[in-house]
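Could you build the full structure based on these sequences and the hints that come with them?
Chains as they are written, first to last, in the numbering used here: chain A, 538 to 650; chain B, 6 to 120.
To be clear, the hints were calculated from the coordinates, so they are not data collected in a lab. Check before you lean on any hint, since a few could be wrong.
Using 30 angstroms as the maximum straight-line C-alpha spacing, the simulated DSSO-like pairs for lysine-lysine come out as follows [what the hints assert, rightly or not]:
1. A:K595 <-> A:K605
2. A:K637 <-> A:K606
3. B:K67 <-> A:K595
4. A:K605 <-> B:K76
5. B:K67 <-> B:K88
6. A:K605 <-> B:K49
7. A:K637 <-> B:K76
8. B:K49 <-> A:K595
9. A:K637 <-> B:K67
10. B:K83 <-> A:K637
11. A:K637 <-> B:K16
12. A:K586 <-> B:K49
13. A:K606 <-> B:K49
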Amino acid sequence: AQSVTQLGSHVSVSEGALVLLRCNYSSSVPPYLFWYVQYPNQGLQLLLKYTTGATLVKGINGFEAEFKKSETSFHLTKPSAHMSDAAEYFCAVDTGTASKLTFGTGTRLQVTL
Amino acid sequence: EAGVAQSPRYKIIEKRQSVAFWCNPISGHATLYWYQQILGQGPKLLIQFQNNGVVDDSQLPKDRFSAERLKGVDSTLKIQPAKLEDSAVYLCASSLFRGTAETQYFGPGTRLLVL
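The structure is reproduced here in C-alpha cells:
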C-alpha cells in the first residue's frame, strides 16, 4: 500500500522567510504526487502535482516542489513567505488505481510578522 | 466556471439520528468523490463514482453510510444512524475524468458534529 508522511504538524516562519514543508512517500510503483492547500473553512485547492518528466514542479502562488526518488521525498518550498500563505498543506500520493488519492496528515503553516 | 457546491455547510445532530449531505460537481465532470476529514487528519476517500456508477466504495462503512449519484450529476451522502465518531468534515470533489494523476477539485465541505 502507498502512504505519505508529513514531518511536522505545525511549522512557523517569519514573513519573508523560506517555507519548507516536508513530505516523504512510500510506493511500490512510480508515484504521482500532489500538494494541496486548505484555507480555513474552505475545501482543498491544488498547488502543484508531479506526474512524469521534470522533477522540479512549479505551482501556484510561488510554490514549488522537487521529486527526489532516491530520498522518496517531495518537499514543498517557497522562497519568501507571505501572511496569506497561512493555511494547512496536504501532501498526497495517487495510488495508481485511477484517481485514488492517499493524503498525509497535513502541516499547518503559521506566518508571523 | 462555478466550483463544487456543497450543502449544508454545517450540521449538528444527536447520535442515532440520520443526516444527508448534498454535492453538485463542476459541470461536465464525470467522476465524483466523497471524503471524510476527521480533525487533525488528512481526507480519507469514502466513495468514488464514475458518472452514476460506483467504482470504489471499499472504505465506506456500508452498515450506516450510503451514497448515490442520480443521473450522473448531483450526489447525496447519508449517514443513518450517526455515531459520535462520524463527527468530521465531509468533502465532495470532482474531476473531469477518472485517470491516474487527474486533478480533483474540492468543495468547501460540510462540517458535521454528532452529540
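Structure-based check of all given hints:
no., hint, in the structure
1, A:K595 <-> A:K605, "15 angstroms, holds"
2, A:K637 <-> A:K606, "21 angstroms, holds"
3, B:K67 <-> A:K595, "40 angstroms, violated"
4, A:K605 <-> B:K76, "43 angstroms, violated"
5, B:K67 <-> B:K88, "14 angstroms, holds"
6, A:K605 <-> B:K49, "25 angstroms, holds"
7, A:K637 <-> B:K76, "23 angstroms, holds"
8, B:K49 <-> A:K595, "26 angstroms, holds"
9, A:K637 <-> B:K67, "19 angstroms, holds"
10, B:K83 <-> A:K637, "21 angstroms, holds"
11, A:K637 <-> B:K16, "27 angstroms, holds"
12, A:K586 <-> B:K49, "19 angstroms, holds"
13, A:K606 <-> B:K49, "25 angstroms, holds"
Hint compliance for this structure: hints 3, 4 are broken, all remaining hints hold.
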